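Please build the complete structure, drawing on both the sequences and the hints.
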Amino acid sequence: MKCEDVSERLSAFLDGELPVSVAADIRCHLDGCERCAAQYARESIAWTLVVEQPWVSPRADLWPRIEAGLREPAAHTVWGGLRWHPFPVATAALAAAGLLLGVQLGTYVASPDGLAATTAGSSSRERIDVQYLADVFPGSLADSVLNTPVGIPRQEASR
Amino acid sequence: MSDRSAAVDDPDAQLMTRAARGDLPAFRTLVDKYQGPLVNFLYHVLLDHGEAEDAAQDVFLKVYRAAGRYRPDAKFATWFYRIATNTALNVLKTRKRRPTVSLDAVLAQRGPDAWPPSPYMGPDREAERAQMVQAVGRALRTLPERQRMAVVLHRFEGLSYHEISEVLSTSVDAVDALLRRAKADLRVALTPWA
Numbered sequence: 001m002k003c004e005d006v007s008e009r010l011s012a013f014l015d016g017e018l019p020v021s022v023a024a025d026i027r028c029h030l031d032g033c034e035r036c037a038a039q040y041a042r043e044s045i046a047w048t049l050v051v052e053q054p055w056v057s058p059r060a061d062l063w064p065r066i067e068a069g070l071r072e073p074a075a076h077t078v079w080g081g082l083r084w085h086p087f088p089v090a091t092a093a094l095a096a097a098g099l100l101l102g103v104q105l106g107t108y109v110a111s112p113d114g115l116a117a118t119t120a121g122s123s124s125r126e127r128i129d130v131q132y133l134a135d136v137f138p139g140s141l142a143d144s145v146l147n148t149p150v151g152i153p154r155q156e157a158s159r
Numbered sequence: 001m002s003d004r005s006a007a008v009d010d011p012d013a014q015l016m017t018r019a020a021r022g023d024l025p026a027f028r029t030l031v032d033k034y035q036g037p038l039v040n041f042l043y044h045v046l047l048d049h050g051e052a053e054d055a056a057q058d059v060f061l062k063v064y065r066a067a068g069r070y071r072p073d074a075k076f077a078t079w080f081y082r083i084a085t086n087t088a089l090n091v092l093k094t095r096k097r098r099p100t101v102s103l104d105a106v107l108a109q110r111g112p113d114a115w116p117p118s119p120y121m122g123p124d125r126e127a128e129r130a131q132m133v134q135a136v137g138r139a140l141r142t143l144p145e146r147q148r149m150a151v152v153l154h155r156f157e158g159l160s161y162h163e164i165s166e167v168l169s170t171s172v173d174a175v176d177a178l179l180r181r182a183k184a185d186l187r188v189a190l191t192p193w194a
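Sequences listed follow chains B and C, in order. Note that the numbering used here numbers the first sequence so that position 23 is 23, with each residue one more than the last. Note that the numbering used here numbers the second sequence so that position 83 is 83, with each residue one more than the last.
Because the hints were derived from the structure by calculation, they are not lab data. Because the structure is a prediction, the values reported are computed rather than measured. Where is the CB? At the ideal position from N, CA and C, for every residue including glycine. Check the hints yourself; a few may be wrong.
[As the list claims (entries may be wrong)] Computed spacing ranges between beta-carbons, pair by pair:
no., chain 1, residue 1, chain 2, residue 2, range
1, B, ALA24, C, ASP124, 36 to 44 Å
2, B, ALA24, C, PRO144, 28 to 36 Å
3, B, ARG65, C, VAL172, 33 to 41 Å
4, B, ALA60, C, ASP73, 30 to 38 Å
5, B, SER7, C, GLN131, 25 to 33 Å
6, B, ALA41, C, PRO144, 19 to 27 Å
7, C, ASP73, B, GLU72, 26 to 34 Å
8, B, PRO73, C, ARG21, 15 to 23 Å
9, B, SER7, C, HIS162, 20 to 28 Å
[What the hints assert, rightly or not] Computed far set for chain B versus chain C, every beta-carbon distance over 12 Å:
no., residue
10, CYS3
11, VAL20
12, ASP25
13, GLY32
14, ALA92
15, LEU99
16, LEU105
As structure tokens, then:
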């Protein structure tokens with residue numbers, strides 16, 4: 001084998017990832033080539049020293065934190081929410097229907113007929129409150145408001 | 001041995017299958033077994049002890065919540081480290097600051113006990129070896145992330161090239177290239193002692 005071919009395969013050879021026959025050829029080359037043997041030696045030492053790096057241990061409270069996390073509902077990303085939701089299409093359709101309904105309702109309220117309906121509703125509620133005030137404070141402004149004909153501004157009615 | 005038969009004989013795959021059925025003690029057994037290697041893996045990838053701890057918790061929660069999707073037709077470790085790798089990559093993507101705890105700082109705090117025991121070679125050789133280990137450690141930290149992941153998965157977790165290719169969602173040839181370049185970079189770190 002040529003040195004270039006061996007150099008390309010030295011890493012896999014060091015990791016035992018080569019077929020037996022190829023590994024045998026490389027070993028034979030290393031026995032007779034000082035340059036490749038030196039490269040192999042340096043890589044072996046560096047590779048050995050990797051596992052001598054400090055080992056970091058987990059804290060003792062890792063399991064309690066995991067257990068606490070299992071009790072909490074999962075925090076989903078948008079994608080996660082779609083993935084986990086059983087009926088994404090139905091949900092989207094429901095949201096669209098709700099939006100359409102809201103637009104329709106808003107359009108109706110903003111229309112003259114809709115506005116009159118809401119105004120009438122609020123006027124009757126306002127009238128009831130004024131009645132209560134008039135009952136409690138006879139002769140008060142509330143009393144005069146109650147007796148003011150509809151359509152006439154209150155200020156003008158009180159003159 | 002095929003992947004399917006390996007998984008059938010894989011006790012961790014059996015534990016995960018039980019965990020998927022709600023067996024919390026089985027899941028606890030997996031946590032006890034993998035928490036050390038996982039935190040170590042994440043530490044050497046993220047280079048920050050606090051982030052490694054947080055990411056480890058995140059990984060185990062993801063593993064449990066994904067239990068329903070686990071298929072025991074491959075080794076559990078491969079599936080597990082794929083989740084861990086993706087979690088680490090997400091942390092690296094969202095990171096906005098440099099690591100607050102450097103390996104050197106950890107070593108300074110832990111003193112002589114930081115290094116695993118090695119055959120005693122005399123004070124001069126011991127000091128030289130310690131310097132070489134530190135040099136390799138510094139070089140390891142400067143490796144590109146995917147190279148560093150491949151190195152840690154192979155050297156610390158003992159995964160094969162094929163298993164690493166599944167974890168990193170790449171080809172065996174790509175794993176070979178990653179480790180080849182990593183070895184070349186680490187070899188350069190030992191140039192002062194050549």
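To see whether the hints hold, each was checked on the structure:
At roughly 38 Å, the beta carbons of ALA24 of chain B and ASP124 of chain C sit within the given window of 36 to 44 Å. As the Cβ distance of ALA24 of chain B to PRO144 of chain C is approximately 33 Å, the hint placing it in 28 to 36 Å holds. The given range of 33 to 41 Å is respected by ARG65 of chain B and VAL172 of chain C, whose C-beta atoms sit roughly 36 Å from each other. In this structure the supplied range 30 to 38 Å holds for ALA60 of chain B paired with ASP73 of chain C, their Cβ-Cβ distance being about 35 Å.
Range check, SER7 of chain B to GLN131 of chain C: Cβ separation about 27 Å, and the 25 to 33 Å hint holds. Under the hint 19 to 27 Å, the C-beta atoms of ALA41 of chain B and PRO144 of chain C, about 25 Å apart, fit the expected range. Restraint check, ASP73 of chain C to GLU72 of chain B: a C-beta distance of roughly 31 Å satisfies the suggested window 26 to 34 Å. Remark: the range hint 15 to 23 Å for PRO73 of chain B to ARG21 of chain C is upheld by a beta-carbon distance near 21 Å.
Between SER7 of chain B and HIS162 of chain C, the C-beta spacing of about 23 Å keeps the proposed range 20 to 28 Å intact. Separation of CYS3 of chain B from chain C is adequate, the least Cβ-Cβ distance of about 15 Å exceeding the 12 Å criterion. With a least beta-carbon separation of about 16 Å from chain C, VAL20 of chain B lies farther than 12 Å from that chain, consistent with its non-interface assignment. No beta-carbon of chain C is positioned within 12 Å of the beta-carbon of ASP25 of chain B; the least distance is around 17 Å.
The beta carbon of GLY32 of chain B sits about 21 Å from the closest Cβ of chain C, which is more than 12 Å, so the claim that it is off the interface holds. A cut-off of 12 Å between C-beta atoms confirms that ALA92 of chain B is not in contact with chain C; the least separation is 23 Å. Chain C leaves LEU99 of chain B outside its interface by the beta-carbon criterion, the shortest separation being 31 Å against a cut-off of 12 Å. At the 12 Å boundary, the C-beta of LEU105 of chain B stays outside the reach of chain C, the nearest C-beta of that chain being 39 Å off.
In this structure, none of the earlier numbered hints is contradicted; all agree with it.
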